[in-house]
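All chains should be built: construct the whole structure from the sequences, respecting the hints.
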Amino acid sequence: MLLLATLAASFACHADEGDPLPKCHQFFDPGHATPHMDVFDPAAPAHLRAAALDGFQKASTLAHCTNDIHTMGQLYRHGPDLPGNLLPKDTAKARELLVRSAEAGRLSTYADLAEMALAEGEAREAMKWTQVYLYFLKNVGKVYMNKERTQFESAGYNADLLLRAEQAWRKARPRLDRALIDEDLSTYVTRYRNEVAERIHGRMKAEQSVFAPKEPGELRLKRVGSCKPLRMKGVTAASVVYLMEVLPSGRIGRVVPESFSGNPVAMEKLAHCARVYEFEPFDGETPRVVRIPVTYGFADGYAPSFNL
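Start counting the sequence shown at 1; every next residue gets the next number (the working numbering).
It is worth saying that the hints were derived from the structure and are not from the lab.
Here the structure is a predicted model, which is why all the values come from computation and not from measurement.
Beta carbons: idealized from backbone N, C-alpha and C, even for Gly.
There's no promise every hint is true.
[Said to hold, decoys possible] Taking lysine to any residue pairs in the SDA-like style, the calculated list, with each CA pair at most 25 Å apart, reads:
#1 Lys138 - Thr236
#2 Lys269 - Arg124
#3 Lys171 - Asn263
#4 Lys142 - Lys93
#5 Lys93 - Tyr192
#6 Lys171 - Leu185
#7 Lys222 - Gly253
#8 Lys58 - Ala33
#9 Lys205 - Arg220
#10 Lys93 - Lys138
#11 Lys222 - Lys171
#12 Lys142 - Arg100
#13 Lys93 - Lys222
#14 Lys138 - Thr187
#15 Lys233 - Ala159
#16 Lys233 - Pro293
#17 Lys89 - Glu122
#18 Lys93 - Arg220
#19 Lys205 - Leu219
#20 Lys269 - Pro42
#21 Lys142 - Thr236
#22 Lys89 - Ser108
#23 Lys89 - Ala123
#24 Lys269 - Gly225
#25 Lys89 - Arg164
#26 Lys142 - Lys171
[Unchecked claim] Here are the computed distance ranges between Cβ atoms for each label pair:
#27 Lys228 - Arg170: 31 to 39 Å
#28 Lys228 - Asn263: 26 to 34 Å
#29 His32 - Ala63: 54 to 62 Å
#30 Lys222 - Pro174: 52 to 60 Å
#31 Leu176 - Pro80: 17 to 25 Å
Here it is, written out as structure tokens:
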């Protein structure tokens with residue numbers, strides 16, 4: 001059994017999707033360069049963290065500000081389990097926000113919803129979101145993954161998630177009718193399949209653009225190194241999304257966790273895997289923030305490190 005991490009990058013920001021009004025960014029101080037980073041960074045100045053949180057709270061009330069909705073959902077999802085979180089854990093608020101985020105096309109958020117339901121002991125809810133996640137991954141997401149990543153996702157984290165959902169289902173009391181699994185999936189997919197699939201396509205195309213040639217002045221990826229994750233005793237699968245600050249020199253600044261699934265120890269154990277990205281210098285004085293998901297799991301027959 002070999003340990004693997006799969007890495008993919010996307011830009012983290014509070015920019016508007018399309019050009020709806022009112023603007024999402026109106027709730028943030030134009031002089032505040034990295035609100036997304038600061039709200040998750042316990043070492044950031046308190047006044048910047050408070051201002052960032054206020055901006056996200058206001059922006060998340062607008063249906064089109066899906067990045068801000070996602071941010072608030074993760075903050076409420078984790079509460080004090082996320083180092084330095086300014087918000088308490090509130091599962092009801094987190095679920096409402098993360099469902100909106102997932103249905104806006106953020107595929108991985110369906111897995112977050114499944115993980116949250118597992119943590120709360122909600123077996124039927126956990127199985128529903130696991131099945132929805134795997135459905136959209138199979139029918140939409142795989143188009144955008146290279147073969148190695150697809151195989152790892154299937155054999156590693158995704159298989160473990162499905163196994164844990166199945167174990168929770170079997171342990172549920174009163175017993176759950178297995179016919180509910182197909183019923184819940186069919187009901188959801190029938191209602192949301194077309195619109196959610198279209199949004200997932202749009203978001204994953206945009207995430208792929210991180211690796212595409214850029215115009216002068218835009219953030220350019222120089223290279224991606226390799227990573228061999230540290231073993232975590234008793235942990236069969238985990239995932240962490242890190243926020244990485246990229247300085248104008250191209251050097252990496254702060255790296256902080258935005259969310260995690262599984263054992264919280266993964267936030268520390270996988271952090272070095274987020275630092276394998278190297279960027280070209282860019283113009284200006286404002287740092288950029290990049291989102292780096294790192295997934296950990298067991299898989300047979302794959303090299304322990306690879307380049308994207």
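Now the hints, each set against the structure:
1. For the hint pairing Lys138 with Thr236, the CA-to-CA distance comes to about 22 Å; that is within 25 Å, so the pair holds.
2. For a cut-off of 25 Å, the pair hint linking Lys269 to Arg124 is broken: about 31 Å separates their Cα positions.
3. Of the supplied pair hints, the one linking Lys171 and Asn263 holds, its CA atoms being roughly 21 Å apart against a limit of 25 Å.
4. The straight-line distance between the Cα atoms of Lys142 and Lys93 is roughly 30 Å, outside the 25 Å bound, and the hint therefore fails.
5. Taking the CA atoms of Lys93 and Tyr192, the gap is near 21 Å; set against the 25 Å cutoff, the hint holds.
6. Annotation: proposed proximity of Lys171 to Leu185 holds, straight-line Cα distance about 20 Å (limit 25 Å).
7. Pair hint Lys222 plus Gly253 holds up; C-alpha atoms about 16 Å apart against a cutoff of 25 Å.
8. With a C-alpha separation of about 18 Å, the suggested pairing of Lys58 with Ala33 holds against the 25 Å cut-off.
9. A distance of roughly 17 Å separates the Cα atoms of Lys205 and Arg220; the hinted pair therefore holds under the 25 Å criterion.
10. For the proposed pair Lys93 and Lys138, the alpha carbon gap of about 29 Å is over 25 Å, so the pair is violated.
11. Taken as a hint, the Lys222 and Lys171 pair is broken in the structure, with Cα atoms around 48 Å apart against an allowance of 25 Å.
12. This hinted pair checks out: Lys142 and Arg100 have alpha carbons roughly 22 Å apart, not beyond 25 Å.
13. Distance restraint check for Lys93 and Lys222: the Cα-Cα separation of roughly 39 Å exceeds the 25 Å cut-off, and the hinted pair is therefore not satisfied.
14. Restraint check: the Cα-Cα separation between Lys138 and Thr187 comes to about 18 Å, which is no more than 25 Å; the hinted pair holds.
15. The hinted pair formed by Lys233 and Ala159 meets the criterion: a straight-line CA distance of about 19 Å does not exceed 25 Å.
16. Under the criterion of a C-alpha separation no larger than 25 Å, the hint pairing Lys233 with Pro293 is consistent with the structure, at around 21 Å.
17. Using a Cα cut-off of 25 Å, the hinted pair Lys89 and Glu122 holds, with the two alpha carbons roughly 17 Å apart.
18. Proximity of Lys93 to Arg220 is assessed by CA-CA distance (about 36 Å); at most 25 Å being required, the pair is judged violated.
19. Straight-line distance between C-alpha atoms of Lys205 and Leu219 comes to about 17 Å, which keeps the hinted pair within the 25 Å bound.
20. Taken as a hint, the Lys269 and Pro42 pair is honoured in the structure, with Cα atoms around 18 Å apart against an allowance of 25 Å.
21. Of the pairs offered as hints, the one joining Lys142 and Thr236 holds, with about 23 Å between alpha carbons and a cut-off of 25 Å not exceeded.
22. Restraint check: the Cα-Cα separation between Lys89 and Ser108 comes to about 20 Å, which is no more than 25 Å; the hinted pair holds.
23. Taken as a hint, the Lys89 and Ala123 pair is honoured in the structure, with Cα atoms around 20 Å apart against an allowance of 25 Å.
24. For the suggested pair Lys269 and Gly225, the alpha carbons sit about 17 Å apart, so the restraint of at most 25 Å is met.
25. Simply put, Lys89 and Arg164 have alpha-carbon atoms about 23 Å apart, close enough for the 25 Å limit, and the pair holds.
26. Distance check on the hinted pair: Lys142 and Lys171 sit about 31 Å apart at the alpha-carbon level, beyond 25 Å; violated.
27. Distance hint for Lys228 and Arg170: a CB-CB separation of about 34 Å, consistent with the stated range 31 to 39 Å.
28. For Lys228 paired with Asn263, a C-beta distance near 18 Å fails the hint of 26 to 34 Å.
29. Judged by the Cβ atoms, the range 54 to 62 Å given for His32 and Ala63 is violated: they are separated by roughly 24 Å.
30. Judged by the Cβ atoms, the range 52 to 60 Å given for Lys222 and Pro174 holds: they are separated by roughly 56 Å.
31. The hinted window of 17 to 25 Å between Leu176 and Pro80 is violated, with their beta carbons roughly 31 Å apart.
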